[in-house]
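If you're matching them up, the sequences are chains A and B in order.
1 is the number of the first residue of the first sequence in the working numbering; add one for each residue after it.
1 is the number of the first residue of the second sequence in the working numbering; add one for each residue after it.
Rather than coming from a laboratory, the hints here were simulated on the basis of the structure.
The reader is advised that the hints may include incorrect statements.
Just so you know, same-sequence chains aren't split out, so a pair can sit in one copy or run between any two.
Keeping only pairs whose Cα atoms sit at most 25 Å apart, straight-line, the calculated DMTMM-like set for lysine to aspartate or glutamate is [unchecked claim]:
no. : residue 1 : residue 2
1   : K70       : D57
2   : K143      : E117
3   : K112      : E215
4   : K112      : D212
5   : K112      : E154
6   : K80       : D110
Spelled out, the chains give:
There are 2 protein chains.
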Amino acid sequence: MCQLLGMNCNTPTDIVFSFTGFATRGGLTDHHRDGWGIAFFEGSGVRTFVDHQAAVDSPVAELIKRYPIKSQHVIAHIRKATQGRVTLANCHPFVRELWGRYWVFAHNGDLKNFTPELDGPYRPVGTTDSELAFCYILQEMRKRFGHTLPLLAELRAALREIVDHIAGHGTFNMLLSDGSALYTHCSTHLYYIVRQHPFATAKLSDDDLSVDFSEVTTSNDRVAVIVTQPLTDNEVWTQYQSGEMKVFVDGAVVE
Amino acid sequence: MCQLLGMNCNTPTDIVFSFTGFATRGGLTDHHRDGWGIAFFEGSGVRTFVDHQAAVDSPVAELIKRYPIKSQHVIAHIRKATQGRVTLANCHPFVRELWGRYWVFAHNGDLKNFTPELDGPYRPVGTTDSELAFCYILQEMRKRFGHTLPLLAELRAALREIVDHIAGHGTFNMLLSDGSALYTHCSTHLYYIVRQHPFATAKLSDDDLSVDFSEVTTSNDRVAVIVTQPLTDNEVWTQYQSGEMKVFVDGAVVE
Numbered sequence: 001m002c003q004l005l006g007m008n009c010n011t012p013t014d015i016v017f018s019f020t021g022f023a024t025r026g027g028l029t030d031h032h033r034d035g036w037g038i039a040f041f042e043g044s045g046v047r048t049f050v051d052h053q054a055a056v057d058s059p060v061a062e063l064i065k066r067y068p069i070k071s072q073h074v075i076a077h078i079r080k081a082t083q084g085r086v087t088l089a090n091c092h093p094f095v096r097e098l099w100g101r102y103w104v105f106a107h108n109g110d111l112k113n114f115t116p117e118l119d120g121p122y123r124p125v126g127t128t129d130s131e132l133a134f135c136y137i138l139q140e141m142r143k144r145f146g147h148t149l150p151l152l153a154e155l156r157a158a159l160r161e162i163v164d165h166i167a168g169h170g171t172f173n174m175l176l177s178d179g180s181a182l183y184t185h186c187s188t189h190l191y192y193i194v195r196q197h198p199f200a201t202a203k204l205s206d207d208d209l210s211v212d213f214s215e216v217t218t219s220n221d222r223v224a225v226i227v228t229q230p231l232t233d234n235e236v237w238t239q240y241q242s243g244e245m246k247v248f249v250d251g252a253v254v255e
Numbered sequence: 001m002c003q004l005l006g007m008n009c010n011t012p013t014d015i016v017f018s019f020t021g022f023a024t025r026g027g028l029t030d031h032h033r034d035g036w037g038i039a040f041f042e043g044s045g046v047r048t049f050v051d052h053q054a055a056v057d058s059p060v061a062e063l064i065k066r067y068p069i070k071s072q073h074v075i076a077h078i079r080k081a082t083q084g085r086v087t088l089a090n091c092h093p094f095v096r097e098l099w100g101r102y103w104v105f106a107h108n109g110d111l112k113n114f115t116p117e118l119d120g121p122y123r124p125v126g127t128t129d130s131e132l133a134f135c136y137i138l139q140e141m142r143k144r145f146g147h148t149l150p151l152l153a154e155l156r157a158a159l160r161e162i163v164d165h166i167a168g169h170g171t172f173n174m175l176l177s178d179g180s181a182l183y184t185h186c187s188t189h190l191y192y193i194v195r196q197h198p199f200a201t202a203k204l205s206d207d208d209l210s211v212d213f214s215e216v217t218t219s220n221d222r223v224a225v226i227v228t229q230p231l232t233d234n235e236v237w238t239q240y241q242s243g244e245m246k247v248f249v250d251g252a253v254v255e
């Protein structure tokens, strides 16, 4: 199984702290050695780094730990191959364009007998069930809403149906973002935390590193972090229910 | 105007030497300070780095100069904004998927009164004429060939027509690749060189750096480099004619 990390904020925030703990799982404290990737939205643009080296060995991961790219929407993934070879084309997150927006997607889990007909413009480049599911999601959203970006509530309702169909084929923990919202779904394990004023000190579980967020934030900042396993051991993470879908905007859950 | 750099090889080759000279033009020996980007194919996968900082200041560009990513198809771009703001979404190269392949595109030039109707699945995310032209190319290729990747000769003939239409609106020097061939078009200035056995020493025009390619190659290697301005001052570069299109496969021009 793979590991997922998502971040959604109301102000551009760097992910150095969380990524440091997360990347450690890519080969050092955990066995996810089959590549990794991270995508940062900056406005409508997206910056994606993928590598089929283990995150713990990767010079690109090292760069990200040292170079604080600020973003309101981040999706990262460390891969333990279940389906598909260890190649760059199989590294998450995947990126496609729909409605003049980039969509970024990462998946944890394994789908069985999932062979949707892809009759639209989205085709997998690699051989993972994950990229296939992503192409299917975009195709179905485009079928429902045509050429026009729908309202968030409409999109969320459509996504609920599409994701339920996919999740019927196996484990489908996923993160999806178009740079305006972060859509998340849990089949088996996903946790989130919303950090906001008053900020406290957090300590990584996987690394000997602490950060006092009150020193690097303003009282208006709000940051949601979503992960397959909690990253810190002195904070309270909320566990998703199985089948739960949550949408984050500006660092908060949209009810 | 911007600068373009393309590489097409018969064996995965690193671009450290050429990129070093090329990146120097991003703010140091030239005035292209409005961002840069580079995309490397690795098999069918693609690794893209974009930055809206000048290449000469960018820690990501620094990483690429030190980290020899090997690829058979590389497209790089340094931007001097003519249309569209300096944002990440406006940085070349642009990437989209068609026929289960990633397509990578970069453009040098300026298009006037180019307002094609985009009725297909490809829409620009940013505001450049370049990304608009790229979306138009993919839309028109998809219209002609439907769901199936055509033969290279068919694709080239179609691209010739599509590119002629675009180039009728202004300057359209471009590089386009799907990871199997590199398609190039010159409106005003584009040069190429094919390096092959017996390899010699090349010296960068923009930087005090030489490399003896005979020490880092085998006698079977063949590498084509395509640029808007020659990168070395002791080699013979072939200048394109205006309106010329050339397709490179395995480091050689396909006649």
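Are there hints from earlier that the structure breaks, and if so, what are their numbers? 3, 4 and 5
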